[in-house]
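Under this note's numbering, the residues of the sequence shown are numbered 274 to 437, in order.
Since the hints were derived computationally from the structure, they do not count as laboratory data.
Be aware that a few hints might be false.
[Unchecked claim] Across the chosen pairs, the derived CB separations fall in these ranges: (1) Ile300 - Cys329: 32 to 38 Å; (2) Met425 - Arg360: 28 to 34 Å; (3) Asp368 - Arg294: 26 to 32 Å; (4) Ile300 - Thr398: 20 to 26 Å; (5) Asn345 - Tyr321: 27 to 33 Å; (6) Lys384 - Met425: 16 to 22 Å; (7) Pro298 - Ser325: 28 to 34 Å; (8) Ser333 - Gly397: 28 to 34 Å.
[Claimed, not checked] Below, in silico cross-link-like pairs of lysine to aspartate or glutamate (DMTMM-like), each with a Cα-Cα straight-line distance of 20 Å or less: (9) Lys412 - Glu295; (10) Lys384 - Asp416; (11) Lys384 - Glu295; (12) Lys384 - Glu296.
None of the values given here were measured: they were computed from a predicted structure.
Glycine is no exception: its CB is placed at the ideal position from the N, C-alpha and C atoms.
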Amino acid sequence: MAERTREDSATVLPATHIDAREEDPEIISRRICNRFHLQVAVLNNRDYDYESEAGCEVLSYIAPSFQARFDNIAAIMDWHELVQMWRVWQQEDHDVHFEVVHCSCDVDQAKGEAALYAEITVTGTLGVMLGGLSEAQWKRLPDGRWVNEFYMGMRGITQNGGFV
């Protein structure tokens, strides 16, 4: 479950919560990274139907127009196709596990846009580890909510120096 943090003296909110009126780019950046960590946790828990509390939260900030792309897959996927891809991969390799090694997010308040960059380690069968780089584009809606519009995943291997 996501870490919890005190936003004000009256209410304890999840560390992924972004108040619609929030203007501090550092707070927004931290919350978007926390949301990415939550997405990975839901994936590792194999909650493909997003029925858990964490899964429902993840779905609440996926844009209806969401698209995903990977360096080794020609087609652009929508959210449901992406989830199905993860499901098939994890059914074929039960040992697949994702870990966020590093996450940062640049927020442009004027444009209502944010770009998240994350370094990922993917562990699979026999402990084989692959590095990955993720980019996720976020947009602030007119009502102040931040939603994930786009995800790009790229592979890397340590023998090639990983990502520089």
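To see whether the hints hold, each was checked on the structure:
Ile300 and Cys329 have their C-beta atoms about 23 Å apart, which leaves the hinted 32 to 38 Å range violated. Between Met425 and Arg360 the Cβ separation comes to about 20 Å, which falls outside the hinted range of 28 to 34 Å. The given range of 26 to 32 Å is broken by Asp368 and Arg294, whose C-beta atoms sit roughly 44 Å from each other. Our hint of 20 to 26 Å for Ile300 and Thr398 is violated, since their Cβ atoms are close to 40 Å apart.
At roughly 21 Å, the beta-carbon separation of Asn345 and Tyr321 lies outside the given 27 to 33 Å, and the hint is violated. At about 19 Å, the beta-carbon gap between Lys384 and Met425 stays in the expected band of 16 to 22 Å. Distance hint for Pro298 and Ser325: a CB-CB separation of about 30 Å, consistent with the stated range 28 to 34 Å. Our hint of 28 to 34 Å for Ser333 and Gly397 holds, since their Cβ atoms are close to 30 Å apart.
Taking the CA atoms of Lys412 and Glu295, the gap is about 14 Å. The hint holds against a cut of 20 Å. A hinted pair counts as satisfied when its Cα atoms are at most 20 Å apart, and Lys384 with Asp416 qualifies at roughly 14 Å. Restraint check for Lys384 and Glu295: satisfied, since their Cα atoms lie roughly 14 Å apart, inside the 20 Å limit. Among the hinted pairs, Lys384 with Glu296 is consistent with the structure: their alpha-carbon atoms are about 12 Å apart, no more than 20 Å.
The structure fails to meet hints 1, 2, 3, 4 and 5 from the earlier list, while all remaining hints are met.
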